[in-house]
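K.L.:
Spelled out, the chains give:
Number of protein chains: 2
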Amino acid sequence: MPKKMTPKQLRDAIRRGQWRQPTSGAAGGYVQANLVMMPKEYAFPFLLFCVRNPKPCPILDVLEPGQISPNIAPGADIRTDIPKYRIYKNGELEKEVESVEGLFNEDTVSYLLGCSFSFEKALMDAGIPLRNVEEGKNVSMYVTNIQCASAGPFHAPLVVTMRPMTPAQAVRAAQITTRFHLTHGAPVHLGDPGSIGIKDLGSPDFGDPVTIRPGEIPVFWACGVTSTVAATSHPIPLVITHAPGHMFVSDLRDEELTLF
Amino acid sequence: MPKKMTPKQLRDAIRRGQWRQPTSGAAGGYVQANLVMMPKEYAFPFLLFCVRNPKPCPILDVLEPGQISPNIAPGADIRTDIPKYRIYKNGELEKEVESVEGLFNEDTVSYLLGCSFSFEKALMDAGIPLRNVEEGKNVSMYVTNIQCASAGPFHAPLVVTMRPMTPAQAVRAAQITTRFHLTHGAPVHLGDPGSIGIKDLGSPDFGDPVTIRPGEIPVFWACGVTSTVAATSHPIPLVITHAPGHMFVSDLRDEELTLF
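Just so you know, the protein sequences line up as chains X and E, in that order.
So the first sequence is residues -14 to 245, counted in the working numbering.
So the second sequence is residues -14 to 245, counted in the working numbering.
FYI, nobody ran anything at the bench for these hints, they're computed from the structure.
Some clues are possibly wrong.
Any copy will do: because identical chains look the same in the list, a pair fits if it lies in one copy or spans two.
[Said to hold, decoys possible] Taking lysine-lysine pairs in the DSBU-like style, the calculated list, with each CA pair at most 35 Å apart, reads:
(1) 122 x 40
(2) 184 x -11
(3) -7 x 40
(4) 184 x -7
(5) 80 x 25
(6) -11 x 74
(7) 25 x 184
(8) 184 x 106
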């Protein structure tokens, strides 16, 4: 397998069962996406949820009912080209699988939503160190007391990621991530965790805790996990998502998504 | 009537039948919107059309089936608070009316989409003269040979507005309008009209022709009329839009919509 794969090479390896690990850092420079699939009966209200909450749920692509190949990755197969999927029945996680060919049908609508890998690379390119990368951990994620705008039956609290940095780095990070409006954009909060309902930074709701050094403040970005929380907030017979960290890798370059 | 009205005062005057003229320049500083209404049967594909074509169809608000009061103007009534509506049956314009109370029902979904009034004010504030304003005309609009991404049964060519200016002003205008990504954003083209399928700048498809002075080039922005063309591209029994220039005036300030 070549050291630096193209998105197509990576997706082909996934489809052949040769890649089942997380996709972070793979096919570098290309946009990776969160996946949500659900029956078309719920297609409008879920799309509306995403439209109303663009920071946690930035829409990269929506496949029409039964559409298999994303517009942002022609030739790919949304049913097989993610290393690991999660199956939710009536809002409850049932299992993880490596293909959803048997569950996908002509009523299935697929949503691909932006993920923070794009702006993390831009932050590191600008010399802002990322503690989770330095410590080899998953980013820390927290459920906040900020309610997203609901749509139809879908509702969710805003879930955020947290990256510790100095105040000067936080200002620079706000500038840099502003350009990435389709991959969560600028921070939603910085400083006091308690004011957005986070009791203990050392106990994230998802991911791992990371070290916060003296002189650093926590900086919070909207997180794509919010889309899974919303999609499973109503007892739909079947919802499919990617497994955390196992993303869909598109043919879009990170820089194609920036606003300026 | 007060000289400078708030959005609520303007909407109340419209509702009482005391304001039937275009809304350009009224309640200055507040976001005005294009309207499209259609039955919920088509709600998902039309929302998808807007999502796939954010430059001509930037989504400001979507009202759920039967919802009367927009989220961006609490207390307003979408059925009565626009000075003039257009009624399309099976894709054909039937008539203009001053209220759609009798046509609206619990299946009606309403879309409010960004309009260029917001960035026109920002351009003038930055000292870039707008020929259509100087000459007291409607902005020139043209149907291009650029096809929008289709969604379900909806398709449309991109419709653009044109404003003549010097090349240096065009660069500055690109910078300024980049901030207004929810009201059409940066230009889609500048210079040669023929390369986007426009044969004669002197004969716009909608609006009025304006003077182009020596040393000026035409600069083109995506236009909200595209949403009407798309909504009427399929023979739906009933589609309602605002009448050109007679917009919905929201409680959002222009500056609340900017990205940075």
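K.L.:
Decide, hint by hint, whether the structure agrees.
P.N.:
Okay, the hints, checked on the actual structure:
no. : hint      : in the structure
1   : 122 x 40  : within (24 Å within a copy, 38 Å between copies)
2   : 184 x -11 : neither (41 Å within a copy, 47 Å between copies)
3   : -7 x 40   : both (28 Å within a copy, 29 Å between copies)
4   : 184 x -7  : neither (42 Å within a copy, 41 Å between copies)
5   : 80 x 25   : both (22 Å within a copy, 34 Å between copies)
6   : -11 x 74  : neither (37 Å within a copy, 55 Å between copies)
7   : 25 x 184  : neither (38 Å within a copy, 42 Å between copies)
8   : 184 x 106 : within (29 Å within a copy, 45 Å between copies)
In summary, the structure is inconsistent with hints 2, 4, 6, 7 from the numbered list given earlier, while agreeing with the others.
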